[in-house]
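Fit chain A to the known structure of chain D by using the hints.
Residue numbers (this note's numbering), protein chains in the order written: chain D, 419 to 779; chain A, 419 to 779.
Keep in mind that the hints are not guaranteed to be accurate.
[Claimed, not checked] Beta-carbon label-pair distances, calculated as ranges:
| no. | chain 1 | residue 1 | chain 2 | residue 2 | range |
| --- | --- | --- | --- | --- | --- |
| 1 | A | N765 | D | S441 | 33 to 39 Å |
| 2 | A | A445 | D | P482 | 53 to 59 Å |
| 3 | A | A445 | D | G658 | 30 to 36 Å |
| 4 | D | D490 | A | T423 | 47 to 53 Å |
| 5 | A | I762 | D | K654 | 30 to 36 Å |
| 6 | D | F463 | A | E492 | 37 to 43 Å |
[What the hints assert, rightly or not] Straight-line alpha carbon distances no greater than 20 Å define the calculated EDC-like cross-link-like pairs of lysine to aspartate or glutamate that follow:
| no. | chain 1 | residue 1 | chain 2 | residue 2 |
| --- | --- | --- | --- | --- |
| 7 | D | K505 | D | D455 |
| 8 | D | K538 | A | E498 |
| 9 | D | K538 | A | D652 |
| 10 | D | K505 | A | E498 |
| 11 | A | K515 | D | E748 |
| 12 | A | K515 | D | E655 |
| 13 | A | K428 | D | E655 |
| 14 | D | K538 | A | E492 |
| 15 | D | K515 | A | E748 |
| 16 | A | K773 | A | E748 |
| 17 | A | K505 | D | E498 |
| 18 | A | K538 | D | D652 |
| 19 | A | K421 | A | D612 |
| 20 | D | K570 | A | E498 |
| 21 | A | K773 | A | D701 |
| 22 | A | K428 | D | D652 |
| 23 | A | K613 | A | D708 |
| 24 | D | K570 | A | E506 |
| 25 | A | K570 | D | E506 |
| 26 | D | K570 | D | D490 |
| 27 | A | K538 | D | E498 |
| 28 | D | K515 | A | E655 |
| 29 | D | K479 | D | D455 |
FYI, nobody ran anything at the bench for these hints, they're computed from the structure. In this text, a Cβ means the ideal position worked out from N, Cα and C, and glycines have one as well.
Protein chains: 2
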Amino acid sequence: MRKVTVNLGKRSYPVAIGSGILSSLGAYLKKMDIGSDAFIVTNAFLKNKYGRKLAQGLSAKGFPCHFKLVADSENSKSMETAGQVIKELAGFDHKRKIFIIAFGGGVVGDLAGFVASVYKRGISYVQVPTTLLAQVDSSIGGKTAVDLALGKNLVGAIYQPRLVLSEIDFLKTLNREQFSSGMAEVIKYAVIKDKHLFCFLENNHKKIIRKDPSALEYIIASCSRIKAEIVSRDEKETRGQRTILNFGHTIGHALEAAGAYRGYNHGQAVSLGISAALELSLDYKLIDADSAQRIRDLLRLYGLPLKVRGVTAAAIIRAHYHDKKFSGKENKFVLSAGIGRARIIRNIKLDLIEKAVEGLF
Amino acid sequence: MRKVTVNLGKRSYPVAIGSGILSSLGAYLKKMDIGSDAFIVTNAFLKNKYGRKLAQGLSAKGFPCHFKLVADSENSKSMETAGQVIKELAGFDHKRKIFIIAFGGGVVGDLAGFVASVYKRGISYVQVPTTLLAQVDSSIGGKTAVDLALGKNLVGAIYQPRLVLSEIDFLKTLNREQFSSGMAEVIKYAVIKDKHLFCFLENNHKKIIRKDPSALEYIIASCSRIKAEIVSRDEKETRGQRTILNFGHTIGHALEAAGAYRGYNHGQAVSLGISAALELSLDYKLIDADSAQRIRDLLRLYGLPLKVRGVTAAAIIRAHYHDKKFSGKENKFVLSAGIGRARIIRNIKLDLIEKAVEGLF
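Next comes chain D alone, as it looks inside the complex (with noise of 0.2 Å):
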């Protein structure tokens, strides 16, 4: 088992990576003063899987359970659906002191935070991420969102939670897009953050693919802990540094809205978000062209895509100047400065930003 530590003052707190950790749960909820009952947020799949285990483990430190069960979905991350999980954990709510465990991917995560942010205007929240995605990203940090029609995540605040428990048991079930979605995150940090990290992925691939606990729990610890050294340090994105965690993202966004977020997973869409921010880097010399190749082999081994179908460029460009991101005509992209190291670079002229997306075509 490895820990990493967010540290946030008064609000740090622990990322527990392992496997068969699920079992502690209940003890170091027991210590943290967390609260009475359990309200937990999940889908029927892992509720029906690790439920009874969960609820177990939790009663038998003398948390009472409340199962709330939403779609296996992006649909799930709506008003809508917060509301409905709102007026239902008011329910639950009695005289008791009421916490709430987000056990899922991403969308319980951003769904049951975002809850957790509001309700009552801000109560305890755990994080049990069950994805790779969810692990060693959106579970960590804080940031939590529903949907608009109008565009992801728009509606949603930075709120921490107080514990995230990284099983990494959970992860078997992952089917290999699921799986390969994650680790487009994963290369993300390497390229941005860890040449070592780098490196363990190209030399352990076939150790990765068939889901070593040992090599997963050092990916996922490697991870976390990039992830809580830029947040620790830049909790709300004020002063610059939780922008890089954005690389590969802005274009890879505004694929996923272009493909109205049916075309391409998270991870795939990232990967080809990658793909394009390389494509800057080279334009601006960041990057020689030798690791802009290895980026892109790293990528491409780990199953993910490097070219794009069923969108078109000009429709990429259009989403990407409806961003949340920009305020004007200003754009800020995030850039490979060599494997290990991120640059920003602000208002790239639109001539360049054309070319590297029609570079994934």
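This is chain A only, laid out in the frame that chain D set:
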């Protein structure tokens, strides 16, 4: 014109109080780098009465305006209305930087502030409160919220505005009930923190009732200063200092809840809550009988009730135990320790609370 500052480091903001200052709103905003497009949340009455003037003043300073009307009713403080406002906001938020103006009483302020707190994880907003109640209380301090069927203000955030502009001239249109509702909060401030204000209220009743601008400006500035000082020291109500603002509100909220939010307006409920709190203050020998009588006389002088009708004592006590301020069996009351001083007392025995509530009948 008087100015009070809420000191919260980088998030500090001014409260401007005066007669004829609405026309300066555009100039204020221009200096603040608040954004480019104004999204004004208000109701039909206020838009008809002041909308053109407001929009002209803003347009003259280069701010395009969009009005979003909500019903002038507590029902507008709902998740559903918040969702509608957010959707319209997102639709109006194209390429430029949008901000919100909450133009109305407490309902509009709480709703629009909540929307500002969650849209894009927080955008700028300003409060332009139009009722006495909102000017002296809800517009300052960043408490934003919507209601659930199960209780008031159960969903929200503490999220500070960038500016509060309290235009005294708005108060001319308030009817007697609306005005006296605000006076309950004014009297609350005087009782917990400002003996000088208390004497001013005793000695200038006629001036105040006929809405003399300089008397109102003095009152609103005094209350704003008290609220600003308390919020500056205890923004999130974690240090117990903000708690004293709940004087009269514990039983007051229970009474509103027991009457299903219809029996009494907020000020009337607070007046009755103060009356019950005085009873407890006498029980605890924190206040002498003469001072308690002076406070009750002042409430009566401003048309506020001291006796309950239309609800039962049992319903009030039941609702009291549902109040979100109580976790488990704990309770926490703000009592008066003489005019101008408050004390927090924890875990008052139920029979004393019952006696205080029954004293209202």
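- Item | Violations among the numbered hints, reported as their numbers in ascending order | The structure breaks none of the hints.
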